[in-house]
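A.B. asks: Here the protein sequences line up with chains U and C, keeping their order. Counting from 1, one number per residue, gives the positions in the first sequence under the working numbering. Counting from 1, one number per residue, gives the positions in the second sequence under the working numbering.
No wet-lab data here; the hints were simulated from the structure. We put the CB at the ideal spot given by N, CA and C, even for glycine. Each hint should be verified, as a subset may be incorrect.
Computed spacing ranges between beta-carbons, pair by pair [stated by the list, open to error]:
(1) C:SER88 - U:HIS49: 53 to 63 Å
(2) C:ASP108 - U:GLN286: 18 to 28 Å
(3) U:ALA25 - C:LYS186: 52 to 62 Å
(4) U:TRP22 - C:LYS191: 41 to 51 Å
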Amino acid sequence: MKSPFAGTSSDLLPRDAAGETWLAAVIAVLCFIACLACVGAVAADRAAHGWARQLRAEATVQVRPRVGETGLAAAGRAAETLSSVPGVSEAAVMDRKAAEDLLRPWLGEAVLPDLPLPFLVTVRLNPRAPASTVVLSRALAEAGLDASVDDHSLWRGEVERSAALITALSLAGFLLIACAAGAAIVYATRAGLAAQRAVIETLSLSGATEGYIAGLFQTRFGLLAAGAGAVGAVTAAVLVAALRALGGAGGLTAALPLAWSDILLLSPCPLLAGTVALVAARIAAQTTLARAAPDPGTLGGRRSRR
Amino acid sequence: MPAPSRRAAVAESAPETVRLTGVGFGYADSPDVLRDVNLILPRGSFHFLTGPSGAGKSSLLRLLTLAERPTSGRIGLFGQDVTDLGRSAAPPLRRRMGVVFQDFRLLDHLDLFENAALPLRLAGRKRADYAPDVEEMLRWVGLGGRMDAKPPSLSGGEKQRLAIARAVMTKPELIIADEPTGSVDKAMADKLLNLFQSLNKLGATVLIASHDEALAEQSGARRLRLDRGRLLGSVGPRGAA
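From just these sequences and the hints, can you work out the full model?
C.D. replies: Have a look at this one:
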């Protein structure tokens, strides 16, 4: 059967000149991992921002009852006071049962009935114009309540720092994988040039320029990498879609909330892989050809026997 | 109208296709294979380069195809000094040559048609333009019925004929052949010699390296004898100096 490339420059290099099938497999795997790293970075960023947003939209108030006043009454008064503060959407007393539910996993069932629990008010803030800690504290003081407000700023900072770190690490991983793909292509191109030395010399002595020969390798590896990149990206997209379908908007784990739009992030992968391969193959081919050819000005020098 | 460049003017007026002046050449791990070679091949001349194995014939041809550079002396091609030529300047000169390699250098993954058409493709010609010429040439060298075959399926003689067909496809100004009749029978050797003579009559300069003294004698061409890296002189037909 006639090659589909017959008569085009693509057929001047033998097929699989440098173990290209294996190279394609390696690039596909690298692209698959890179795609997952990319989606992971975006999802981690989304999760961290979601947590920070939730923390920013909530505050917890601990109320200490005055003499002659029950804790529940003080908490109820605090909730009522805070509900009328601008920037507060809702304030509610956390009853003893809810507090016990929160503590049960940590302390067990046995000690809970006898445990003195703080009287808490959970405050949901207006996400667009949240009331500050100072405003909440002042309102409570003006109402004659002894209370302390925790706006979760300590945790929020930790979460934001962790998220930034995870995002940076994921991006670094993505870049490292892209570099690894480029290095693999450079290595394969050099191997291809070495394996096809006779073909290259024949082309060269038949009048082909170095740019033309380098272009043959560039085209070969560019298309190969683009195809392999597409395979890696599609595989990653299928996995992301499956995780999204199985886990819903929250994802299989709260740390990786996936969105359908994340799949779109993978679409440039074949183009990027092809571009990395184009550049890497061009540089490798030009460098190898320059080393192989006799340099001008070597008169009087000696070359190694080929 | 702009004045022609000095280099172009020299090339146009140069009476010789090849000029070697005091050329020496050696590899790093061995003594010189060529020493003080002086040679002029006038335009349209026909020469045989003879000598025993190891005399330096193939090295001399590699210098002429710009595959190697001399360790001493100067090389001129088509009236241009190419001794210090930059790499990018070599391909246009190579397109003016047709080279038959001793080991054929065929591209095993291409069929016979594509192998023969290679220089035309590299010169940017369209397939529709060159297909009739390639088919005619392959028929002429007796390979017309096997155009779709791949070189590994050919005999040594067939490979040699294909290599010659490829070398002369572009009707080059300089034809360099290394043992072009080494693997063919007498009848085909005569036929191929005829082809080289025909191209020579059309104006091509021909240099054939061969250890076949009889063929060189029969050709009526001048013979250049190379021995242990030295050119011993030029001998005309039937021994005339």
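A.B. asks: Confirm or reject each hint.
C.D. replies: Evaluation of the provided hints:
no., hint, result
1, C:SER88 - U:HIS49: 53 to 63 Å, "holds (54 Å)"
2, C:ASP108 - U:GLN286: 18 to 28 Å, "holds (26 Å)"
3, U:ALA25 - C:LYS186: 52 to 62 Å, "holds (53 Å)"
4, U:TRP22 - C:LYS191: 41 to 51 Å, "holds (47 Å)"
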